[in-house]
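Participant: The primary structure of each chain is shown beneath.
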Amino acid sequence: MTDPTHLSDRMPAVAAQRDTWSPAELAHLAGCAECRSEWVLVRSGHALGEEFRYEPDPDAIADAVAGRLREPVAPVGHRRRWWAAGLAAASVALFLWGGRMHDRLPPAADGGELHSAFAMPELDSLSTGELKDVLDSFDSPLSERRGVGAQGLGDLTDQELERVLRAGGV
Amino acid sequence: MSAMTESGQETDASLIGAYRAGDERAASRLVGRHAQALGRFLYSSGANPGDVDDFVQDTFFRAFRRLESWRGEASFRSWLFTIGGNVLKDDYRRRKGRKILSIEDRDVADRADPEGDLVASDTQERLRVGVAALPRLQREVFLLRVQQGTDYAEIATVLGTTPGAARVHYHHAVRKLKELIQ
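Just so you know, the protein sequences line up as chains A and B, in that order. Numbers 1 to 170, taken from the working numbering, label the letters of the first sequence in order. Numbers 1 to 182, taken from the working numbering, label the letters of the second sequence in order.
No lab work stands behind these hints: they were computed from the structure. Note that the structure is a prediction, hence the values are computed from the model and not measured. The beta-carbon is built from N, C-alpha and C at its ideal position, and this holds for glycine as well. You may find that some hints are simply not true.
Computed spacing ranges between beta-carbons, pair by pair [claimed, not checked]:
1. A:V40 <-> B:A37: 19 to 25 Å
2. B:D54 <-> A:A33: 40 to 46 Å
3. A:A90 <-> B:M4: 35 to 41 Å
4. A:V92 <-> B:A37: 41 to 47 Å
5. B:E73 <-> A:C32: 34 to 40 Å
6. A:R43 <-> B:T5: 24 to 30 Å
7. B:D90 <-> A:A60: 18 to 24 Å
8. A:D3 <-> B:P49: 36 to 42 Å
9. A:A13 <-> B:S14: 35 to 41 Å
10. A:S37 <-> B:D51: 29 to 35 Å
11. A:S91 <-> B:M4: 47 to 53 Å
12. B:R136 <-> A:A66: 25 to 31 Å
13. B:K176 <-> A:P72: 41 to 47 Å
14. A:A30 <-> B:E73: 37 to 43 Å
The task is simple: from the sequences and hints, build the whole structure.
Facilitator: Below, the structure written as structure tokens:
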């Protein structure tokens, strides 16, 4: 059976004619409307901008860039120094205010259960298996997360990703 | 690191090394290698066709000004596209959020448009408007994937995220754009 995630990963290469579909993949595309619509989109995206006739002059661009690089760097203005100082002060104030707000969070109820200040009703409709998928996707400690998303999402299939997206209300 | 590709061309890294050693012709060769693809990326991201040349120059200016920050973890082109995205973002802020594109706005240069191409042209224009309207991360992940074939690991490196998050951004973009072209 053709894996839709694998198919999706191969679409850019096939659209660029660096690769071709196997007979099994073609059969899957013929029978799967969702994969087929993504394939149409990828082909259109690959062709996007082809109608834009842009013929840059590399020497002219390089000369212009060289000229700009030779210009002396303007000193930081007086106003910008004050703006930077104000921003630093605001950051410190926000940090201190955030600490005070944390102290005001409701204490844990008797029995050791933490009362969440943030309800997530969208999770109520998930099955046990779906909830587990969501929780598994947030396995890594916060201190180890980089950038925008949680680690581990790269291991999810498209169906699992869809469940995560729905759980997040997107 | 080899100074030549399999096809016998100088690598981007070797051209950058030559430029930093004082060979300004290396800069022209770098520009020649990437400017057209960069221009197409900026146009696809929603840039006005008349502004693309300026944006390309701005992008190369910023790139050459801080070449030391490119350490080769991702391709030079992907790194350049990220800088191009910053140029577009700054231009958008300067214009104070005025919309550059709308679904009725035909910014594409006048050309003969045979009836047989009308539907395809309309779809491409709708897609371009849709791509331009995406949040920045989704837009750049989508274009890097479908136009350059960049893998998620490299996309994550240049955009400062994780491969898993890049994959999520791609699927977000696909879901939104499908509705536009169907």
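Participant: With reference to the structure, classify each hint as holding or not holding.
Facilitator: Right, here's what the structure says about each hint:
1. A:V40 <-> B:A37: 19 to 25 Å: Holds - the Cβ-Cβ distance for A:V40 and B:A37, about 23 Å, lies within 19 to 25 Å.
2. B:D54 <-> A:A33: 40 to 46 Å: For A:A33 against B:D54, whose Cβ atoms are near 43 Å apart, the range 40 to 46 Å holds.
3. A:A90 <-> B:M4: 35 to 41 Å: violated, 52 Å
4. A:V92 <-> B:A37: 41 to 47 Å: Holds, since A:V92 and B:A37 (Cβ atoms, about 44 Å apart) stay within the stated range.
5. B:E73 <-> A:C32: 34 to 40 Å: holds, 36 Å
6. A:R43 <-> B:T5: 24 to 30 Å: Because 28 Å falls inside the window, the suggested range holds.
7. B:D90 <-> A:A60: 18 to 24 Å: holds, 23 Å
8. A:D3 <-> B:P49: 36 to 42 Å: holds, 40 Å
9. A:A13 <-> B:S14: 35 to 41 Å: violated, 27 Å
10. A:S37 <-> B:D51: 29 to 35 Å: Holds - the Cβ-Cβ distance for A:S37 and B:D51, about 32 Å, lies within 29 to 35 Å.
11. A:S91 <-> B:M4: 47 to 53 Å: Roughly 48 Å apart at Cβ, these two residues keep to the hinted range, so it holds.
12. B:R136 <-> A:A66: 25 to 31 Å: holds, 30 Å
13. B:K176 <-> A:P72: 41 to 47 Å: At 45 Å between Cβs, range holds.
14. A:A30 <-> B:E73: 37 to 43 Å: Holds, at about 40 Å.
In summary, the numbered hints that this structure violates are 3 and 9.
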